[in-house]
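> Chain by chain, the residues:
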Amino acid sequence: MDRPGLALIVGLIIFIIAGICMALVALVIGKFLRTSLPHPEKDAAYECGEPTIGNSWVQFDLRFYVVALVFLIFDIEMALFYPWAVVYKDAGIAGLWDMLFFFAVLVVGFAYLWKFGYLDWVRATHGQRPSNRKISADDAMGRAARGWQ
Amino acid sequence: MPQSMLASMWMPSAEELSQLAPLFALVATIVALLLAAMFTNRNRNVAASIVTLGAIGTGLLAWKRLQSGAPSWAGFDPNGMGPMLISDTFSQFFIVLACVFMLVVTAMWWLGQKSDLPDSEVHRMDATEFFVLFVGSAFGMSLMVSTTNLLMIILAVEMASLPSYGITAFRKKNRVAAEASMKYVLFGAITSAIMIYGASLLYGYYQTLDLATIGMKIAADMQAGATTGTLFLSVAVFAFMVGIAFKVSAVPFHFWCPDVFQGASIEVTTWLSVASKAAGLGLMLRVLSVIICAPSAFPVEAFKYVSLAIAIMAALTCTVGNLAAYRQMNLKRLLAYSSIAHAGYMLMAVAILWSPTDAGIGAAHPAFSAIVSYIIVYLLMNAGAFFVVAMVYWSTGSESITAMNGLIRRSPMLAVCMAIILFSLVGMPPLGGFMAKFYLLMAVWKGGLYWLVVIAVLNTLISLYYYARIVRAMILTDDGLPEISAPMSGQLIVAMCTIGIILTGVLLGPMKEIANNNASNLYAVVKSDVAPRTASAAGPSAATPNTENADTAPTIP
Amino acid sequence: MLATIGLQHYLILSALIFSLGVLCMATKRNAIGILIGVELVLNSANINLVGFSKYQTGKGDGQIFAVFVILLAAAEAALAIAIFMNFYNNVRTIDVDRGDELRG
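Chains as they are written, first to last, in the numbering used here: chain A, 47 to 195; chain B, 3 to 559; chain C, 10 to 113.
Worth flagging that the hints you see were computed from the coordinates, not collected in a lab. Glycine included, every Cβ here is placed at the ideal spot set by N, Cα and C. One or more hints might be untrue.
Ranges between beta-carbon positions, derived for each pair [claimed, not checked]:
| no. | chain 1 | residue 1 | chain 2 | residue 2 | range |
| --- | --- | --- | --- | --- | --- |
| 1 | C | Asp106 | A | Val154 | 38 to 44 Å |
| 2 | A | Phe106 | C | Leu25 | 51 to 57 Å |
| 3 | C | Leu25 | A | Tyr111 | 30 to 36 Å |
| 4 | B | Thr232 | A | Phe127 | 39 to 45 Å |
| 5 | B | Glu123 | C | Asp106 | 29 to 35 Å |
Below, computed lysine-lysine pairings styled on DSSO-like, alpha-carbon distance capped at 27 Å [claimed, not checked]:
| no. | chain 1 | residue 1 | chain 2 | residue 2 |
| --- | --- | --- | --- | --- |
| 6 | B | Lys175 | B | Lys116 |
| 7 | B | Lys448 | B | Lys306 |
| 8 | B | Lys174 | A | Lys161 |
| 9 | A | Lys135 | C | Lys68 |
| 10 | B | Lys448 | B | Lys66 |
| 11 | B | Lys66 | A | Lys161 |
| 12 | C | Lys63 | A | Lys135 |
| 13 | B | Lys174 | B | Lys116 |
| 14 | C | Lys37 | B | Lys174 |
| 15 | A | Lys77 | A | Lys88 |
| 16 | B | Lys514 | B | Lys448 |
Just chain A, same shape as in the assembly (with noise of 0.2 Å):
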């Protein structure tokens, strides 16, 4: 085995045994040092400080689909800006044109997705308010939609 590789090894070996005894001490050292004083609240998932609300496994809502979507899409559309600004500068304005005609054409469904209220938390298209949808009293996602309304 070449030198540097066997160093290499040596140093990773020596990293992850620090690594572990730190931790390893820090825990040995509290359980000797603090009170156990035990309380079922203490095991009780932590959120914000807030009580929690019901199980944790509940239905989303469907307006995070959307909401996620849209994110995704105009996000991922960055990822194709990339490559275009590392070499903007030596493409020039013709480079300009050619990413303006691209985001042109997302920019037409960018306006689609706000003329039909796509980007609205509360959706209101054909005269129709979307808070009447059905969401279930014990829902704790449909309680914490209702009161953000």
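Since the structure of chain A is already known, use the hints to place chains B and C on it.
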């Protein structure tokens, strides 16, 4: 890289862009649909008119190029890495075909939304979305036949597939449609993922995305007698071909086809039955012929196993399609299996692409004209058959074979047309279906695959039974169903398809001539335009095999 | 050996992820599970493309390919999840084995 070269890459000339006018017209149609929806509050008639205009415009642009005999063009070739897009008579022909079929499907939508079935409510409500997805899939299929670049092929296949999944799911309240679209999207996602993996392996092995260069490197490797990497290569090619076989619905990648055809609304079924298969076959022909033709001295012998594999797949596809069609009661499902069988017949001609022909260098292989003329007749037959099924469905609400009972009394005109169309689908002389199949099987026979011809003829006999079952229901069974109120324009389209079938039965000779000219230009692109440039570009990176290649291939400088 | 990461490391990683993806597609009965398998296969193709592009061709085309594959994966996932939701609305599950109305 010098700045001027980069700038020219970024700014194609007007002449270059005009070569792609049909593709731009399709994109413009999509954008116009979205804009019009915003200003007319999603008026469905405006949307349908825009699609009609877009299809006519695109078709005329492509037809102009097809007629003028403009030289083939292979463009956007940065650093000699191979062309990204190709515009030749082969691609323009398929674009014209797609546009004609778009008009047929739009007409079917227009008539269908007037009925009071649950489907048509969705069509009235979401016309804009439907047409955007529909034109998007047409755009993807047009791209599929106009590229030889691995990246563009993947993008084109996805562009054709994704909107197809969407329009399959368009009957939102329908459980069967939901199930069909889920099977379609899962099957399509899996096959396309495997196809992309295959493309990545091909790219790594040959270090290029250009199929013509890949073909030359394969030929060079074979002449050098290289055996290393054969397993790797076969895995890569197989994985890549999975995606194309899925589009053509070749066995064993056909499972989506009957489910989707049954679940989707009839417009979508009609569209997918012809367009998806035609585009898949076009892509398959393009890929295989580019690999074979780019090196002028391709070791054809070496490909006899590939040829055999495709022949077996073709035989299986058409046998499975015909046997499964036997016990179908749903008309759309029956026609789905029939379309699988027809894809099998067309695949048979793909299998002889390797066989040497007596045609001179630069002339088209007979497989091309055989498949192209078959696709034309197949389009007429399927458009007619699905239109009849659609009109029966609109007035009875049933897609079952029993809905056809007594059609000869309920609508004599439709019954007679449907009978002619069905006999043409079987391949009865003197109809168009017979002539197309005859030319196809002649080409296969001359290609030396005699057993394949025998299988095709046996399959034709099998298929007679289930097509005749529909004819029997129309003529001999009558359980007193009310008369069909078929719209006049729909009857006119069916009649036109029927006349077309009868005419092609007589006129397929001249048509085949057109198809021959059509396909010969494909070779021109591959031979004169692409090969020299990519050969010089590939030179330094593959030093040892390429010297071999240059010795044996006189046309490559 | 360890100090230099070469092409074969990329390929081994890619082959492992591909196998996991295929396994996932073959064993999962939940539609989203199958979609995760598809994403794994697509990403293994991406690793291949980037690795080959870096070590073999030296050109950017493989990396551009990878960017487009990411794009395709996102578009496919968005559409697939819409279709799964449509299936859920009709069948109240996304277990693919429950899609058994179409057969024959």
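> Next, verify each hint and record whether it holds.
Here's how the hints hold up against the structure:
{"no.": "1", "hint": "C/Asp106 - A/Val154: 38 to 44 Å", "result": "holds (41 Å)"}
{"no.": "2", "hint": "A/Phe106 - C/Leu25: 51 to 57 Å", "result": "violated (32 Å)"}
{"no.": "3", "hint": "C/Leu25 - A/Tyr111: 30 to 36 Å", "result": "holds (32 Å)"}
{"no.": "4", "hint": "B/Thr232 - A/Phe127: 39 to 45 Å", "result": "holds (41 Å)"}
{"no.": "5", "hint": "B/Glu123 - C/Asp106: 29 to 35 Å", "result": "holds (31 Å)"}
{"no.": "6", "hint": "B/Lys175 - B/Lys116", "result": "holds (19 Å)"}
{"no.": "7", "hint": "B/Lys448 - B/Lys306", "result": "holds (15 Å)"}
{"no.": "8", "hint": "B/Lys174 - A/Lys161", "result": "holds (23 Å)"}
{"no.": "9", "hint": "A/Lys135 - C/Lys68", "result": "holds (19 Å)"}
{"no.": "10", "hint": "B/Lys448 - B/Lys66", "result": "violated (34 Å)"}
{"no.": "11", "hint": "B/Lys66 - A/Lys161", "result": "violated (38 Å)"}
{"no.": "12", "hint": "C/Lys63 - A/Lys135", "result": "holds (23 Å)"}
{"no.": "13", "hint": "B/Lys174 - B/Lys116", "result": "holds (18 Å)"}
{"no.": "14", "hint": "C/Lys37 - B/Lys174", "result": "holds (25 Å)"}
{"no.": "15", "hint": "A/Lys77 - A/Lys88", "result": "holds (16 Å)"}
{"no.": "16", "hint": "B/Lys514 - B/Lys448", "result": "holds (16 Å)"}
The structure shown violates the earlier hints numbered 2, 10, 11.
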